[in-house]
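Asker: Below, each chain spelled out in residue letters.
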Amino acid sequence: MTHYLFILLGAVLVNNVVLVKILGLCPFMGVSKKLETAFGMGAATTFVLTVATGASYVIDHYLLMPFGLEYLRTLSFIVTIAAIVQLTEMVIQKTSPVLHQVLGIYLPLITTNCAVLGVPLLNVANGNDFVESLLFGAGSAIGFSLVLVLFAGIRERIEGADVPVHFRGVAIAMITAGLMSLAFMGFAGLDKYQ
Amino acid sequence: MITAIAIMALGAVVLGAALGYASIKFKVEGDPLVEKIEAILPQTQCGQCGYPGCRPYAEAINKGEADINLCPPGGAEGVQRLADLLGREVKPLDAEEKPKAIAFIDEQTCIGCTLCIQACPVDAIVGAAKQMHTIVPELCTGCELCVPPCPVECISMEPIGENLDNWKWKYPVIELKKVA
Amino acid sequence: MLQLFKFKGGVKPQTNKTQSVGEPIGVAPLPSRLFVPLHQSIGGTPRPLVAAGERVLKGQLIGGADGWISAAVHAPTSGTVRAVAEHVAAHPSGLTTLSVEIEPDGRDEWIERTPIDHGALAPERVRERLREAGVVGLGGAVFPTHGKLTASKTVPMEELVINGAECEPYITCDDLLMRERAEEIVRGVGVFRDLLQPKRVLIGIEDNKPEAVAALQAAAAKLGENFAVVAVPTRYPAGGAKQLIRVLTGKEVPSTKRSTDLGVQCFNVATAYTAWRAVAHGEPVVSRIVTLTGNVERPRNWEALLGTPLAEFVALGGPKPDTDGYLMGGPMMGFAMPTMDAPLVKATNCIIASSPALFPPKAPEMPCIRCGECAKVCPHELQPFELYWFARAKNFGKTQEYHIFDCIECGCCSFVCPSRIPLVQYFRFAKSEIWAREKEKNAADQAKARFEWKTAREEREKAEKAEKLAKAAAAQAAKKAAEAAAAAAGEAAPAPAAAEAATNVPAATNPPLDAEAAKKAAIAAALERARAQRAAVEPKNVDRLTPAQQKDIAEVDARRQQAGIEAPPTAPEESQP
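As they're listed, the protein sequences go chains A, B and C.
All residue numbers for the first sequence refer to my numbering, where the first residue is 1 and numbers rise by one.
All residue numbers for the second sequence refer to my numbering, where the first residue is 195 and numbers rise by one.
All residue numbers for the third sequence refer to my numbering, where the first residue is 375 and numbers rise by one.
It is possible that some hints are incorrect.
Restricting the straight-line Cα-Cα distance to at most 16 angstroms, the calculated cross-link-like pairs of lysine to aspartate or glutamate (EDC-like) are [as the list claims (entries may be wrong)]:
id: 1; chain 1: B; residue 1: Lys362; chain 2: C; residue 2: Glu532
id: 2; chain 1: B; residue 1: Lys292; chain 2: B; residue 2: Glu356
id: 3; chain 1: C; residue 1: Lys815; chain 2: B; residue 2: Glu253
id: 4; chain 1: C; residue 1: Lys815; chain 2: B; residue 2: Glu271
id: 5; chain 1: C; residue 1: Lys772; chain 2: A; residue 2: Glu89
id: 6; chain 1: C; residue 1: Lys573; chain 2: C; residue 2: Glu506
id: 7; chain 1: C; residue 1: Lys768; chain 2: A; residue 2: Glu70
id: 8; chain 1: B; residue 1: Lys364; chain 2: B; residue 2: Glu332
id: 9; chain 1: A; residue 1: Lys34; chain 2: B; residue 2: Glu356
id: 10; chain 1: C; residue 1: Lys625; chain 2: C; residue 2: Glu532
id: 11; chain 1: B; residue 1: Lys364; chain 2: C; residue 2: Glu626
id: 12; chain 1: C; residue 1: Lys382; chain 2: C; residue 2: Glu626
Per the computed footprint, the stretches of chain A lying under chain B, defined by three or more beta-carbons under 8 angstroms from a beta-carbon of chain B, are [said to hold, decoys possible]:
id: 13; segment: 66-78
id: 14; segment: 87-93
Far from chain A by the CB rule (all over 12 angstroms, computed), these chain C residues [claimed, not checked]:
id: 15; residue: Lys522
id: 16; residue: Pro741
id: 17; residue: Glu760
id: 18; residue: Lys768
id: 19; residue: Lys772
id: 20; residue: Glu807
id: 21; residue: Glu841
The set of hints was computed from the structure by calculation and includes no laboratory data.
Quick reminder that beta carbons are idealized off the backbone N, C-alpha and C, glycines included.
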């Protein structure tokens with residue numbers, strides 16, 4: 001049981017997909033200007049990522065492996081992810097048009113979010129079973145949402161700060177992201193007590 | 195080889211069917227976003243954006259046909275708010291920003307032709323045929339649509355100066371120390 | 375002894391009140407000119423009732439209250455109206471406002487004054503009298519008093535709080551008024567009490583004014599009133615309405631509610647005094663007590679006429695040579711008077727001559743270090759440092775999330791800020807921006823509604839016109855068809871007119887060549903008539919008419935027809951052979 005907890009916690013904090021693995025930076029920089037859009041994007045990505053890890057595990061183990069088609073892995077994962085993203089987009093457009101408009105291009109771009117493809121591939125590489133895969137996917141997604149929301153909160157406050165002219169906008173955001181990444185490095189110490 | 199093609203085809207069929215079902219199930223009617231865009235527009239109905247009113251402009255923005263910087267009465271601030279709502283880049287206004295003004299009819303010159311009354315989109319002009327017309331200042335949005343139709347050019351735009359009703363506290367400025 | 379409560383926050387600045395209490399209230403001499411602004415209270419701007427050249431008597435109505443929440447304005451002395459024009463207002467902006475300029479004639483002749491017995495009159499009449507007398511809250515908010523004197527129907531009135539706290543430094547006008555005219559204040563409070571019927575009356579006075587407390591206690595005892603005159607601890611802003619209510623009753627007024635929702639109403643002592651003068655002496659508010667203090671030779675309280683220009687008023691105190699400006703109000707909440715021409719108004723409780731020694735220029739603003747001192751002293755338990763952050767970034771939505779509109783601009787936060795940030799100025803800026811936006815939004819909504827109405831109306835008119843045209847055309851066609859049918863029946867000859875007129879009738883597409891064709895044309899014409907008739911019945915709101923109304927309509931139609939104004943709806947019938 002603790003084994004699962006460690007996978008989840010490790011994915012959220014220690015091996016944070018954005019700040020430690022440096023995956024999925026595009027929405028991290030792009031959709032973190034406002035807290036509420038960050039929440040929306042985090043929720044959408046969490047949903048897509050969790051479903052995608054589960055689906056890709058099923059496809060990998062019951063469709064590709066029995067026929068020796070592992071070389072089609074990347075292709076079939078991408079197709080699955082794309083379909084899930086489309087589905088999510090339709091649901092969001094129906095339920096929250098403003099969020100849909102605000103997320104704009106970043107929503108379809110979840111398809112090409114390297115985190116969403118990277119996590120299923122890492123699952124395969126680590127040889128995780130189904131539950132582990134799902135936990136790893138959910139943990140990574142929660143980690144992604146967590147840092148996205150934290151970062152959006154910081155950026156909202158930076159709006160009001162006296163940032164030197166040449167550092168305004170993306171520059172200060174990058175510096176902030178770097179500092180956050182450094183801070184998350186501190187979680188690496190958690191595994192000492194594993 | 196054949197297995198690979200079959201498997202991929204199977205996947206395509208299953209996913210396609212799921213998406214097709216979802217697109218029917220989650221069909222979106224109308225567009226509530228237009229309302230939000232329209233709420234930001236100043237409702238002068240002036241047509242300076244090139245669309246016949248604020249609502250058509252809002253629809254055009256929503257469809258992506260129009261840019262967000264075409265509304266001079268909304269000013270730079272309106273552009274900013276549209277950009278915030280839609281997550282687009284802020285652009286400089288595509289026209290000169292004018293100080294707020296309302297129309298004024300020179301009652302000596304007015305011949306009572308009612309052309310301005312027909313032009314006013316918000317019914318802010320009172321008058322009848324061959325009677326003098328006048329503007330109800332509280333209702334005038336300053337759209338200038340009444341100015342061109344006037345055959346005797348008796349309508350002018352009077353800027354609204356600062357008065358006790360619209361006076362605002364200024365942004366506190368940090369006074370630099372005088373170097374004597 | 376009444377149990378007292380505490381309000382959160384607050385500061386204890388130097389009170390500086392002793393300078394101006396040495397001498398009794400003086401009566402300011404008549405100035406050479408008076409500029410009485412018409413808009414002196416919250417609510418509608420009174421309409422000017424006098425014109426240039428007119429002679430007015432002291433107490434004569436010169437501005438009539440406009441709307442219920444509005445208070446009348448009166449001539450402060452007898453004299454001649456020189457102008458009704460824009461004059462600089464007692465306002466930080468230095469902008470002008472419509473004012474009545476009066477040249478006093480020196481006789482100070484009162485208009486006829488009619489006292490009323492408030493006990494014998496209906497409460498509405500008493501409120502009416504206060505409105506006509508221009509009685510407004512003299513504590514600073516200048517809200518028309520009559521608007522606060524209607525007891526809530528749902529919440530029983532429990533406490534009437536009378537505010538004599540006068541917490542701002544330097545100001546002593548209420549203190550002197552309480553010392554010298556305690557009896558009239560108590561009588562005025564009695565009027566309020568009779569109107570509101572509260573369970574108890576509490577008069578709160580800061581404990582640094584023992585003479586005022588004693589005077590009011592003596593007056594209440596003398597008049598046999600059971601008002602509790604309570605000394606409250608001296609702490610700024612104990613004189614804020616919500617703070618005083620908290621201290622005296624323990625009730626905390628939530629931001630979304632008014633004190634009346636909790637059964638509490640609050641008035642200033644000077645308001646009670648003017649109310650009594652208005653009721654028992656028929657005197658409208660034409661003067662008020664103003665403290666003249668600060669950098670002057672003779673600080674003192676003066677009973678000054680409203681409209682007295684600042685220059686003439688401050689001359690009474692003898693400003694010292696290094697005076698560099700005048701504040702209206704106290705040092706915490708007041709503002710610098712824009713010019714020396716600005717008049718004294720109902721809200722003017724104090725004029726402080728400032729000098730660099732008295733109010734040294736502030737050292738430059740430093741960055742906020744988030745020490746939280748401002749949050750500690752805020753009497754409304756806001757977080758000024760957060761408000762400041764967002765107000766400075768012009769993020770007004772966030773300032774509202776942090777409840778900027780609960781800020782009473784008391785200035786405690788600016789007072790304690792170690793970085794000397796003018797916090798209140800930022801809040802005022804944010805508030806007025808938000809108000810302006812709200813106004814714009816409302817105007818836009820109104821414009822939109824009007825535009826939609828206009829569009830709908832135009833559509834309707836267009837539809838009506840089209841319908842009328844169609845009707846006329848149908849009638850025309852029917853007539854021609856009928857004529858053609860008649861002609862065809864008589865002569866059995868081709869009738870090209872019928873074919874031409876009834877092109878939309880399928881039967882008429884073939885030129886009628888014989889009697890049978892003529893019959894067809896007749897049928898077509900009949901069909902056409904039926905259709906025209908149906909069209910004629912179409913206008914709405916005529917389907918449920920009484921026989922009498924129908925008769926009226928028929929008559930009108932007949933008259934119209936005679937006058938040849940429009941094609942009558944019954945035209946097809948007439949064309950019948």
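Asker: All hints, please: hold or fail.
Answerer: The hints, checked one at a time:
1. B:Lys362 x C:Glu532: violated, 38 angstroms
2. B:Lys292 x B:Glu356: holds, 15 angstroms
3. C:Lys815 x B:Glu253: violated, 20 angstroms
4. C:Lys815 x B:Glu271: Holds - the C-alpha atoms of Glu271 (chain B) and Lys815 (chain C) are around 13 angstroms apart, at most 16 angstroms.
5. C:Lys772 x A:Glu89: Judged against 16 angstroms, a Cα distance of about 29 angstroms means the pair is violated.
6. C:Lys573 x C:Glu506: Measuring from Cα to Cα gives roughly 28 angstroms; hence the hint is violated.
7. C:Lys768 x A:Glu70: violated, 56 angstroms
8. B:Lys364 x B:Glu332: Given that 16 angstroms is the threshold and the Cα spacing comes to 25 angstroms, the pair is violated.
9. A:Lys34 x B:Glu356: violated, 35 angstroms
10. C:Lys625 x C:Glu532: Measuring from Cα to Cα gives roughly 11 angstroms; hence the hint holds.
11. B:Lys364 x C:Glu626: violated, 32 angstroms
12. C:Lys382 x C:Glu626: Given pair Lys382 (chain C), Glu626 (chain C) holds - Cα atoms ~11 angstroms apart, limit 16 angstroms.
13. 66-78: With 5 residues close enough to chain B, the hint holds.
14. 87-93: holds (count 4)
15. Lys522: The assertion about Lys522 (chain C) holds, with a minimum of 39 angstroms to chain A.
16. Pro741: violated, 7 angstroms
17. Glu760: violated, 10 angstroms
18. Lys768: violated, 9 angstroms
19. Lys772: violated, 8 angstroms
20. Glu807: holds, 15 angstroms
21. Glu841: The claim holds: Glu841 (chain C) sits with its nearest Cβ about 39 angstroms from chain A, beyond 12 angstroms.
Violated hints, listed in ascending order, are 1, 3, 5, 6, 7, 8, 9, 11, 16, 17, 18, 19; each of the other numbered hints is respected by the structure.
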